[in-house]
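Asker: My request is simple: use the sequences and hints to build the entire structure.
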Amino acid sequence: MKADNEVLLQVVNLEKHFPITSGFVFENQVGAVKAVDGISFEVLKGETLGLVGESGCGKSTLGRTILRLHRPTSGEVFFEGKNLVELKGKALRKVRRRAQMIFQDPYSSLNPRTTVYEIISEPLQIHNIATGKECVERVQELLNNVGLNHRFVNRYPHEFSGGQRQRIAIARALALNPEFIVCDEPISALDVSIQAQIVNLLEELQDEFKLTFLFIAHDLSMVRHISSRVAVMYLGKLVELTDRDQLYTDPQHPYTKALLSAVPIHDPLVEEKRRRIILEGDVPSPAHPPKGCNFNTRCPLAERKCFEDEPLFRQVSPDIWCACHLV
Amino acid sequence: MLEVKELKTIFSTRDGDINAVNGVSFFLQPGEALGIVGESGSGKSVSMLSIMGLIPDPPGKIVGGEVLFQGRDILKMSPHDLREMRGNRIAMVFQEPLTSLNPVLTIGNQISESVLIHTGRDKRQAINRTVELLNMVGIPEAENRLNDYPHQFSGGMCQRVMIAMALSCDPQLLIADEPTTALDVTIQAQIVDLVTRLRKELGMAVIWITHDLGVVASCVDKVIVMYAGQIVESAPLKEFYANPSHPYSIGLLRSLPRLDSKIHQKLISIEGAPPNLIDLPDCCPFVPRCKNAVEKCKDNNPPLRKINSSHKISCWVDIPQNEKT
Chain Y
23 MKADNEVLLQ VVNLEKHFPI TSGFVFENQV GAVKAVDGIS FEVLKGETLG LVGESGCGKS
83 TLGRTILRLH RPTSGEVFFE GKNLVELKGK ALRKVRRRAQ MIFQDPYSSL NPRTTVYEII
143 SEPLQIHNIA TGKECVERVQ ELLNNVGLNH RFVNRYPHEF SGGQRQRIAI ARALALNPEF
203 IVCDEPISAL DVSIQAQIVN LLEELQDEFK LTFLFIAHDL SMVRHISSRV AVMYLGKLVE
263 LTDRDQLYTD PQHPYTKALL SAVPIHDPLV EEKRRRIILE GDVPSPAHPP KGCNFNTRCP
323 LAERKCFEDE PLFRQVSPDI WCACHLV
Chain S
23 MLEVKELKTI FSTRDGDINA VNGVSFFLQP GEALGIVGES GSGKSVSMLS IMGLIPDPPG
83 KIVGGEVLFQ GRDILKMSPH DLREMRGNRI AMVFQEPLTS LNPVLTIGNQ ISESVLIHTG
143 RDKRQAINRT VELLNMVGIP EAENRLNDYP HQFSGGMCQR VMIAMALSCD PQLLIADEPT
203 TALDVTIQAQ IVDLVTRLRK ELGMAVIWIT HDLGVVASCV DKVIVMYAGQ IVESAPLKEF
263 YANPSHPYSI GLLRSLPRLD SKIHQKLISI EGAPPNLIDL PDCCPFVPRC KNAVEKCKDN
323 NPPLRKINSS HKISCWVDIP QNEKT
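Residue numbers (my numbering), protein chains in the order written: chain Y, 23 to 349; chain S, 23 to 347.
You may find that some hints are simply not true.
In silico BS3-like links for lysine-lysine, alpha-carbon gap of 25 Å or less [stated by the list, open to error]:
no. : chain 1 : residue 1 : chain 2 : residue 2
1   : Y       : 104       : Y       : 116
2   : S       : 288       : Y       : 232
3   : Y       : 295       : S       : 260
4   : S       : 27        : S       : 83
5   : S       : 30        : S       : 320
6   : S       : 222       : Y       : 295
7   : S       : 288       : Y       : 67
8   : S       : 30        : S       : 328
9   : S       : 27        : S       : 288
10  : Y       : 327       : Y       : 313
11  : Y       : 279       : Y       : 313
Where chain S lies over chain Y, by a calculated footprint (3+ residues, C-beta under 8 Å) [claimed, not checked]:
no. : segment
12  : 203-217
13  : 242-256
14  : 275-282
15  : 290-299
One-sided excerpt, in silico: chain Y residues whose CB lies under 10 Å from chain S [what the hints assert, rightly or not]:
no. : residue
16  : 78
17  : 146
18  : 149
19  : 152
20  : 183
21  : 185
22  : 225
23  : 270
24  : 286
25  : 287
26  : 302
27  : 304
Source of the hints: derived by calculation from the structure; they are not laboratory data.
The beta-carbon is built from N, C-alpha and C at its ideal position, and this holds for glycine as well.
Answerer: Right, here's the structure in full:
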């Protein structure tokens with residue numbers, strides 16, 4: 023969990039807009055869904071950066087765009103000194119060995135027609151890392167690493183429970199010895215008693231293989247548990263990025279405050295004393311974000327300035343980045 | 023008001039009978055809020071559907087037990103009486119608001135339908151009542167939204183519409199089946215707040231089904247924990263969180279990280295996975311995952327027993343206080 027201050031991944035002004043088209047033959051672009059709208063941050067080597075936000079805020083798109091599963095609209099992503107946005111073909115494939123992804127839903131991220139062996143060995147074969155006996159041994163080793171019996175190699179995904187499938191997906195991500203893994207809500211499709219198993223596994227693997235995680239989730243208590251720093255996203259933009267303890271004890275942005283106060287704590291004595299900030303209304307559509315600050319439609323503190331100028335995502339103190347006029 | 027005794031529901035499949043609900047008993051007083059907690063497949067939703075008489079038969083079948091609502095056994099009611107009671111005196115809110123609303127009917131139509139069926143008002147009065155209900159659940163400009171379709175509402179708004187529909191005939195019991203699971207935390211807070219306020223205003227009883235031990239802590243009076251179709255623990259809210267006594271409840275509470283905890287601890291997980299409900303052995307269903315199991319647990323399935331005046335567990339073992347937190 024300890025991070026040296028070496029930067030592993032740097033994202034600069036990343037944008038991903040999905041076009042909205044109309045017309046049948048000649049499709050005209052009439053607008054854009056601004057899923058990721060000018061995001062900059064750094065991930066330090068060996069840390070877990072938590073990324074939280076409500077559904078539709080663009081956190082999964084951000085994770086996918088960083089790994090080039092989506093082609094970014096503009097911006098730069100530097101990983102180990104290379105700009106991923108400009109890479110193509112062989113060079114891109116080479117980098118992808120070092121950066122992997124774990125998806126949310128273990129029921130749809132594993133091909134139902136392939137065996138566990140085929141699923142986990144596929145990356146090894148694509149990158150010509152291991153063949154034959156060596157490959158079999160590597161797959162068995164990976165299964166042991168994620169706490170599955172190595173005799174399961176010839177079974178199909180439907181023979182496993184949700185937690186076990188997520189372990190298979192983790193083994194696949196580890197196959198190429200990556201440096202960096204984007205975990206896109208890896209536990210939210212799992213039952214409560216299984217979630218802790220997977221989080222513990224991820225933490226053990228991080229220690230063992232010196233991994234760096236970008237941990238995307240909407241469960242704030244789990245993010246607090248696993249992350250060293252946390253970024254909060256709202257409507258395609260980062261609103262706050264700070265140290266984990268700082269964020270949870272002294273949040274700066276009004277959205278972060280409301281989000282934290284909305285999380286129920288499983289202790290009725292604490293719940294009785296808490297005062298909730300209940301946000302009015304819903305998240306606006308990312309196709310038509312409001313003018314000025316994105317949060318001004320729901321912000322209890324919004325002033326005139328908030329409806330006119332967009333706040334910059336700036337460093338307000340050495341550890342705190344925040345995008346709000348009032349901080 | 024509601025008393026469930028030894029309810030048993032099975033589903034027949036090619037592989038054998040699934041024992042979805044396996045002898046569930048509890049009671050509820052007027053105005054009380056009960057939280058039922060359990061993982062998927064623990065039987066919490068199926069017990070509620072059984073109470074409402076909504077189990078599809080076949081493949082499902084209620085094979086035993088009684089459900090007494092205000093003195094009458096629901097399981098023995100005629101379809102006509104059942105229809106009169108459902109929606110009128112017991113109402114239900116489901117998990118996925120967008121799939122439980124009819125996409126091709128307007129919101130106004132869907133809410134006024136139950137008002138027309140159950141209260142004998144004419145169409146204009148029903149529309150007025152609908153507007154009143156929409157205002158009550160906090161939908162702005164309710165008059166103008168009567169002719170909107172569900173796709174024009176967000177998830178949180180649809181759930182408000184579902185609640186308005188459930189409240190349309192002033193039910194004495196509202197069953198909320200994971201009403202916030204599909205919603206974001208800020209919207210979840212809105213809905214929890216809304217149901218708590220309406221419960222106080224209207225004096226109805228609420229059964230709140232969830233897998234989230236945090237939601238339960240803020241909005242109910244007593245808690246039931248279910249595992250493999252059985253009740254494993256039942257206690258008043260504060261007693262439950264201060265003194266959880268079944269190894270499964272203790273394990274669940276310990277496996278959750280707390281937003282307000284001071285130090286970083288490793289999560290203590292429950293190893294293994296829930297059992298297959300098709301051939302449940304005669305022993306305690308939690309034995310394979312239990313750290314406190316003794317020889318007796320493998321031979322007999324423990325009945326619910328009282329450990330103090332209001333707190334019941336189904337476990338043979340008394341776990342010492344220092345292992346609970």
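Asker: For every hint, state whether the structure bears it out.
Answerer: Hint check results:
Annotation: proposed proximity of residue 104 of chain Y to residue 116 of chain Y holds, straight-line Cα distance about 11 Å (limit 25 Å). Restraint check for residue 288 of chain S and residue 232 of chain Y: satisfied, since their Cα atoms lie roughly 18 Å apart, inside the 25 Å limit. The hinted pair formed by residue 295 of chain Y and residue 260 of chain S meets the criterion: a straight-line CA distance of about 14 Å does not exceed 25 Å. This hinted pair checks out: residue 27 of chain S and residue 83 of chain S have alpha carbons roughly 16 Å apart, not beyond 25 Å.
With a CA separation close to 22 Å, the supplied pair residue 30 of chain S and residue 320 of chain S stays within the 25 Å bound. The hinted pair formed by residue 222 of chain S and residue 295 of chain Y meets the criterion: a straight-line CA distance of about 19 Å does not exceed 25 Å. With a CA separation close to 22 Å, the supplied pair residue 288 of chain S and residue 67 of chain Y stays within the 25 Å bound. A C-alpha spacing of about 22 Å is found between residue 30 of chain S and residue 328 of chain S, which places the hinted pair at or below 25 Å, so the restraint holds.
Of the pairs offered as hints, the one joining residue 27 of chain S and residue 288 of chain S is violated, with about 40 Å between alpha carbons and a cut-off of 25 Å exceeded. A C-alpha spacing of about 11 Å is found between residue 327 of chain Y and residue 313 of chain Y, which places the hinted pair at or below 25 Å, so the restraint holds. Our distance criterion of 25 Å between C-alpha atoms is met by residue 279 of chain Y and residue 313 of chain Y, whose separation comes to about 22 Å. Requiring three or more residues with a Cβ within less than 8 Å of a Cβ of chain S, the coverage given for the segment 203-217 of chain Y holds, as 5 such residues are present.
Requiring three or more residues with a Cβ within less than 8 Å of a Cβ of chain S, the coverage given for the segment 242-256 of chain Y holds, as 5 such residues are present. Check on the segment 275-282 of chain Y: 3 of its residues sit with their Cβ under 8 Å from a Cβ of chain S, so the three-residue criterion for coverage holds. Check result for the segment 290-299 of chain Y against chain S: holds, 5 residues qualifying (beta carbon to beta carbon below 8 Å, three or more required). Hint status for residue 78 of chain Y: holds, given a least beta-carbon distance of 9 Å to chain S, under 10 Å.
At a threshold of 10 Å, the smallest CB-CB gap from residue 146 of chain Y to chain S is about 28 Å, leaving the interface hint violated. Because the beta carbon of residue 149 of chain Y sits about 33 Å from the nearest beta carbon in chain S, more than 10 Å, this interface hint is broken. With its C-beta approaching chain S no nearer than about 31 Å, residue 152 of chain Y sits outside the 10 Å limit, and its interface hint is violated. Look at residue 183 of chain Y: its Cβ gets to within about 5 Å of chain S, closer than 10 Å, so that hint holds up.
Satisfaction of the interface hint for residue 185 of chain Y is found here, the shortest Cβ-Cβ separation to chain S being roughly 6 Å, below the 10 Å cut-off. For residue 225 of chain Y, the interface hint holds, the least distance from its beta-carbon to any beta-carbon of chain S being 7 Å, beneath 10 Å. Given hint, residue 270 of chain Y at the interface with chain S, holds; its Cβ is 7 Å from that chain's nearest Cβ, closer than 10 Å. A hinted interface residue such as residue 286 of chain Y counts as satisfied when its beta carbon comes closer than 10 Å to some beta carbon of chain S; here the least separation is about 3 Å, so the hint holds.
Below 10 Å, beta-carbon pairs count as interface contacts, and residue 287 of chain Y has one with chain S at about 6 Å; its hint therefore holds. At its closest, the beta carbon of residue 302 of chain Y sits 8 Å from a beta carbon of chain S; the interface hint therefore holds under the 10 Å criterion. Using the Cβ-Cβ criterion of 10 Å, the hint placing residue 304 of chain Y at the interface with chain S is satisfied: the shortest such distance is roughly 5 Å.
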